[in-house]
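Participant: Below are the chains, spelled out letter by letter.
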Amino acid sequence: MRYDFDFSFLADFWPELARGAGETVLLSSAAILSGFVVGTALAVARVHGKRTMSALAAGYVEIIRNTPLVVQAFWLFFGLAALGLHVPAFQAAIITLVINVSAYTAEIIRAGMESIPKGQHEAADCLALSRTQVLFHVELPQAIERVYPALISQFILMMLASSIMSQISVEELTGAAYGIQSITFRGFEIYIVVAVIYLLLSVLMRLAMEMVARAAFTRRRRLGTPL
Amino acid sequence: MNTSLSLAHYLLILQGAGWTIILSLMGFVGGTIVGLPIALGRISKSALLRRSLAAYIALIQGIPLPILMFLCYFGISVMGFNLPALVAAGLAMTAYASAYLAEIWRGSLQSVPNAQWEAAECLALTRFQRMTHVILPQAVKISIPPTIGFLVQIVKNTSYAVVIGFAELTYTARLINNSTFKPFIVFSIAAALYFALCYPLSHYARRLERKLKRA
Numbered sequence: 008m009r010y011d012f013d014f015s016f017l018a019d020f021w022p023e024l025a026r027g028a029g030e031t032v033l034l035s036s037a038a039i040l041s042g043f044v045v046g047t048a049l050a051v052a053r054v055h056g057k058r059t060m061s062a063l064a065a066g067y068v069e070i071i072r073n074t075p076l077v078v079q080a081f082w083l084f085f086g087l088a089a090l091g092l093h094v095p096a097f098q099a100a101i102i103t104l105v106i107n108v109s110a111y112t113a114e115i116i117r118a119g120m121e122s123i124p125k126g127q128h129e130a131a132d133c134l135a136l137s138r139t140q141v142l143f144h145v146e147l148p149q150a151i152e153r154v155y156p157a158l159i160s161q162f163i164l165m166m167l168a169s170s171i172m173s174q175i176s177v178e179e180l181t182g183a184a185y186g187i188q189s190i191t192f193r194g195f196e197i198y199i200v201v202a203v204i205y206l207l208l209s210v211l212m213r214l215a216m217e218m219v220a221r222a223a224f225t226r227r228r229r230l231g232t233p234l
Numbered sequence: 624m625n626t627s628l629s630l631a632h633y634l635l636i637l638q639g640a641g642w643t644i645i646l647s648l649m650g651f652v653g654g655t656i657v658g659l660p661i662a663l664g665r666i667s668k669s670a671l672l673r674r675s676l677a678a679y680i681a682l683i684q685g686i687p688l689p690i691l692m693f694l695c696y697f698g699i700s701v702m703g704f705n706l707p708a709l710v711a712a713g714l715a716m717t718a719y720a721s722a723y724l725a726e727i728w729r730g731s732l733q734s735v736p737n738a739q740w741e742a743a744e745c746l747a748l749t750r751f752q753r754m755t756h757v758i759l760p761q762a763v764k765i766s767i768p769p770t771i772g773f774l775v776q777i778v779k780n781t782s783y784a785v786v787i788g789f790a791e792l793t794y795t796a797r798l799i800n801n802s803t804f805k806p807f808i809v810f811s812i813a814a815a816l817y818f819a820l821c822y823p824l825s826h827y828a829r830r831l832e833r834k835l836k837r838a
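Protein chains in written order, with our numbering: chain A, 8 to 234; chain B, 624 to 838.
Take these hints with a grain of salt, some might be off.
Here's a subset of chain B near chain A, in silico, CB distances under 8 Å, partners left out [unchecked claim]:
| hint | residue |
| --- | --- |
| 1 | Ile690 |
| 2 | Val785 |
| 3 | Phe810 |
| 4 | Ser811 |
| 5 | Ala813 |
| 6 | Arg830 |
Since the hints were made in silico from the structure, they are not lab data.
Predicted model, so just to flag it, every value in this text is computed and none were measured.
Think of the CB as a built atom: it goes at the ideal place given N, C-alpha and C, for glycine as much as any other residue.
Chain A on its own, in the form it takes in the complex (with noise of 0.2 Å):
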């Protein structure tokens, strides 16, 4: 094996690499603000809803969930063109992100629901909190305190995965990186950037979002412990 590296196209391809990066960073935060509160609001008629309503609910999280996140993609993708909507790639890209990270968060949420010890519901019932209060200032804090690693995995997950909106032309990070391996032929040199790239935004993605936790949840203990 004789193989010369040559990354010497990163001096005129940066700036690319770079606005792919800030496309992919754009794409997720989006889709994980939004998917969070779909994601809660999926999980919380999972579990309070009357019965069709949970099923329904159970329903969409088990057909997301078993199917890849690349056909939901080309089946929003192509079939919203195919009924004459033109919708942009990276709308399209968030709308699926959206749709598929919102089933895995609600899965997460319901099991943080659901471990909140019975004596939390008893505690609030006593204070005659309403079932809208007992549900914001009981239930979700509390689970979304103790589930928090787990989300903060899976949203680091979908980061990853958003790679894969590169097949219906968005231009992120991978989509930049085909761009300029199509031009360059130097295809193994700058898929190991942007893996490093990759690698790097995950952590940053992860420091984020401890910080977040540090501000949103005032209890100074490690996070997803118990009570």
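Since the structure of chain A is provided, determine the placement of chain B on it from the hints.
Facilitator: Quick look at chain B alone, frame taken from chain A:
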């Protein structure tokens, strides 16, 4: 332009599903061969070994699978081999599965109570005997539900092989969509096939997990 799906299309898509199953098996078998020693190494006495294996796992888990696919694909050609995309996809799936399976199995090994180690030591079993006769049999039982759960991830994530043009289910579905332009039908069929492969596994994993919790 032919706008309806013919029998040939259905056969093609089923063939794609076959390749998806083959690739999943490659990922699982390869992931087991590489991942099991890593799991054992992660609980070894040598801190250096533990740390370097942890670094390997963090590395693989921090890189998107499509990028791993590309790296294997271009890496093989860089080394001067001309191998089909199946090999690249199989290698990428092996690397991916090994990192996650190793973590799952390390967790299972460590969840065997410490007293079991101590008791085995009291019986003067060697470290190897302790492992094979006491710890592993118990750890295997604990590890089965999450391992089956991870199989679902393997099956689903073989779809990322689409980026290197390997003709698995997703790729064939896209090919058929390109020629027929029936995205809802084509991708719904593909999604249904994935669901048919994954849902039984998810369901079985959940049932086993509940059973284990009760026991």
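Participant: Determine for every hint whether it applies to the structure shown.
Facilitator: Checked hints:
A distance limit of 8 Å between C-beta atoms decides the matter here; for B/Ile690 the minimum to chain A is near 5 Å, and the interface restraint holds. Of the supplied interface hints, the one on B/Val785 holds, with its beta-carbon coming within about 6 Å of a beta-carbon of chain A, less than 8 Å. About 4 Å separates the beta-carbon of B/Phe810 from the nearest beta-carbon of chain A, less than 8 Å, and the hint is met. Below 8 Å, beta-carbon pairs count as interface contacts, and B/Ser811 has one with chain A at about 7 Å; its hint therefore holds.
Because the smallest distance between the Cβ of B/Ala813 and any Cβ of chain A comes to about 5 Å, under 8 Å, the interface hint for this residue holds. With a cut of 8 Å, the hint placing B/Arg830 at the interface with chain A is violated, because the nearest CB-to-CB distance is about 14 Å.
Hint compliance for this structure: hint 6 alone is broken.
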